[in-house]
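Chains as they are written, first to last, in our numbering: chain Z, 710 to 1032; chain F, 85 to 200.
Wrong hints could be hidden among the right ones.
Which chain Z residues stay away from chain F? Per the calculated CB distances, all over 12 Å, these [said to hold, decoys possible]: (1) A762; (2) R810; (3) V908; (4) A923; (5) G954; (6) V971; (7) A992; (8) A1004.
One-sided and incomplete, this derived list gives chain F residues near chain Z with beta-carbon spacing under 7 Å [stated by the list, open to error]: (9) W93; (10) P112; (11) V114; (12) S124; (13) A146; (14) V164; (15) E170; (16) E179.
Simulated restraints on C-beta separations [what the hints assert, rightly or not]: (17) F:T180 <-> Z:R787: 51 to 61 Å; (18) Z:M851 <-> F:M85: 20 to 30 Å; (19) F:A181 <-> Z:A888: 47 to 57 Å; (20) Z:W909 <-> F:P112: 36 to 46 Å; (21) Z:G999 <-> F:E174: 48 to 58 Å; (22) Z:G832 <-> F:E174: 46 to 56 Å; (23) F:P112 <-> Z:R963: 44 to 54 Å; (24) Z:D713 <-> F:A177: 23 to 33 Å; (25) Z:L718 <-> F:E174: 43 to 53 Å.
Read the hints as simulated data drawn from the structure, not as lab findings. Yeah, the Cβ is synthetic: ideal placement off N, Cα and C, and Gly gets one too.
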Amino acid sequence: MGDDPVGLLDVLLGLAVVGVAGTALTARRRMGAVVSFLVLGVLLAVLWSRLGAPDVALAEAAIGTGVTGALFVDAVTRGPPETRGAPAARPAGPVPWQGVRAALPGGLAAVLLGAGLGTAFAGAVLAGTAPGGLTGQVLGRMDAAGVEHPVSAVLLNFRSYDTLLEVVVLFVAVLSVTATLGEERPRHAPPSARAATLVWFCRVLAPVLVLVAAWVLLAGSDRPGGAFQSGAVLAGALILMDTAGLGPGPDHGRLLRAALVVGPAAFLVVAAGGLVVEGEWLALDPAWAGGVIVALETLLALSIGVALTVVFLALGRGRVSPP
Amino acid sequence: MSTLEWYLWVAAALLGLACVRLLLARDPLVRLIAINVAGSGSLLVLVTLAARTDPPDPVPHALVLTGIVITVAFTGVGLVLLRRIEEAAEDAAAETAGEAAGAPGEDGAAGNGEGP
């Protein structure tokens, strides 16, 4: 679709994305901003698949919209009551978006910045120094990748260093979040007050979601899917179970910690194994790369799912009391 | 205008709007949303540039997947910190209102002992 003239669908999709982003950024209420942001995520998922990136669309739908949405909505509903329904700007004093006159410099700056960036981006495409990108190099080495899907091959074989560091970033995020954890605050209504329909629904849905997560994981070797999308589905299942009071509780701390560590630890083992067997960090022998990648992805999906869940659960916990 | 150019302009609009809002907003939650939207804009640039070839370039797609996970990681940390800041403000307000603030927990032992 590279040089085709822009079609009606693309124009509408682009306008919708910019419009919804504008709504999310200028909403007067926190909840309005969050809901617009979630709509933006759905539109972006459509946009990614339109641009031939189904992996990114899956990740956007599961992580960018699903997990981020749960985080944002939880944060807003737990926030101070006056910010839920009231205008988003809490502190007293002049707020830039309260008057058209005050909003003008900001709007002008946004237009100028956007115009400058747009000109630069369009120029970059027209210059077309390397329109082939790295497609040829990746596709030419697919026989040594161990998996048939190019994006999975890049993520877990050709550029697995990036993925290793990405998993570590997620791990660091969990560490910094748990560092602020204090005593448990009442999260939900007591079990007796929970709607029986919700509990029943979650009991039925949770195994189905785990099955979906496993399918997405294994699909990643020859079609769009993989550890991160699968982990996000797993996190969705755990978060849903938590709303029904069936999620991980304080007794599961040891289990959750083990699940958190197993992914990064397995990745480090694979990295060191490459050094021992192949003489290079993270190198994989094409003969058994496929098996190693699938095994590693399974452990990574578990760690990613638990990491995202722990960040969500931390929102509902009290802070550490000052000494 | 080609489809790719159009989407690059959309990305530029997202980046421009979100960066300015990021600098002007007072509410930390709106700032988090703005930095998320700006992130989406930069991901859109990468995906659009990957679509120049057929089939699309898998390397930018992998980078975008990484970017999405990093985004959710820092958003989660930001929201938890925001929550803690607001809890501290609520507690301070409760104390100045003359209410008994109660015993300040068990020195955070619950957080260390029970795990996440």
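Each hint tested on the structure:
With a least CB separation of 5 Å from chain F, A762 (chain Z) falls inside the 12 Å interface cut-off, contrary to its annotation. No beta-carbon of chain F comes within 12 Å of the beta-carbon of R810 (chain Z); the shortest separation is about 14 Å. No Cβ of chain F comes within 12 Å of the Cβ of V908 (chain Z); the nearest lies about 23 Å off, and the non-interface call holds. Even its closest Cβ contact with chain F, about 19 Å, leaves A923 (chain Z) beyond 12 Å, as expected for a residue assigned away from the interface.
The non-interface label for G954 (chain Z) is consistent with chain F: the shortest C-beta to C-beta separation is roughly 17 Å, beyond 12 Å. With a closest Cβ-Cβ approach of about 15 Å to chain F, V971 (chain Z) is found to remain outside the 12 Å limit, as its non-interface label requires. Every beta carbon of chain F lies more than 12 Å from that of A992 (chain Z), the smallest distance being close to 18 Å; the non-interface claim holds. Annotated as non-interface, A1004 (chain Z) keeps its C-beta farther than 12 Å from every C-beta of chain F; the closest such distance is 20 Å.
Because the beta carbon of W93 (chain F) sits about 5 Å from the nearest beta carbon in chain Z, less than 7 Å, this interface hint is met. Restraint check, P112 (chain F) versus chain Z: the minimum CB separation of about 10 Å is more than 7 Å; hint violated. With a cut of 7 Å, the hint placing V114 (chain F) at the interface with chain Z holds, because the nearest CB-to-CB distance is about 6 Å. For S124 (chain F), the interface hint holds, since its Cβ comes within 7 Å of a Cβ in chain Z; the closest pair sits about 6 Å apart.
A hinted interface residue such as A146 (chain F) counts as satisfied when its beta carbon comes closer than 7 Å to some beta carbon of chain Z; here the least separation is about 4 Å, so the hint holds. A least Cβ separation of about 5 Å between V164 (chain F) and chain Z falls short of the 7 Å threshold, and the interface hint therefore holds. For E170 (chain F), the suggested interface contact is upheld, since its CB lies about 6 Å from the closest CB of chain Z, less than 7 Å. Taking 7 Å as the C-beta contact cut-off toward chain Z, the hint placing E179 (chain F) at the interface is violated, the least distance being around 12 Å.
In this structure the supplied range 51 to 61 Å is violated for T180 (chain F) paired with R787 (chain Z), their Cβ-Cβ distance being about 22 Å. Roughly 34 Å separates the CB atoms of M851 (chain Z) and M85 (chain F), a value that falls outside the hinted 20 to 30 Å. Roughly 29 Å separates the CB atoms of A181 (chain F) and A888 (chain Z), a value that falls outside the hinted 47 to 57 Å. Taking 36 to 46 Å as the suggested C-beta distance range, the pair W909 (chain Z) and P112 (chain F) conforms, at roughly 38 Å.
Between G999 (chain Z) and E174 (chain F) the Cβ separation comes to about 53 Å, which falls inside the hinted range of 48 to 58 Å. Take G832 (chain Z) and E174 (chain F): their Cβ atoms lie about 50 Å apart, and the range 46 to 56 Å holds. Range check, P112 (chain F) to R963 (chain Z): Cβ separation about 34 Å, and the 44 to 54 Å hint is violated. Taking 23 to 33 Å as the suggested C-beta distance range, the pair D713 (chain Z) and A177 (chain F) does not conform, at roughly 58 Å.
One distance hint, 43 to 53 Å for the beta-carbon pair L718 (chain Z) and E174 (chain F), holds here, with the actual separation near 47 Å.
Comparing the model with each earlier hint shows violations of hints 1, 10, 16, 17, 18, 19, 23 and 24; every other hint is respected.
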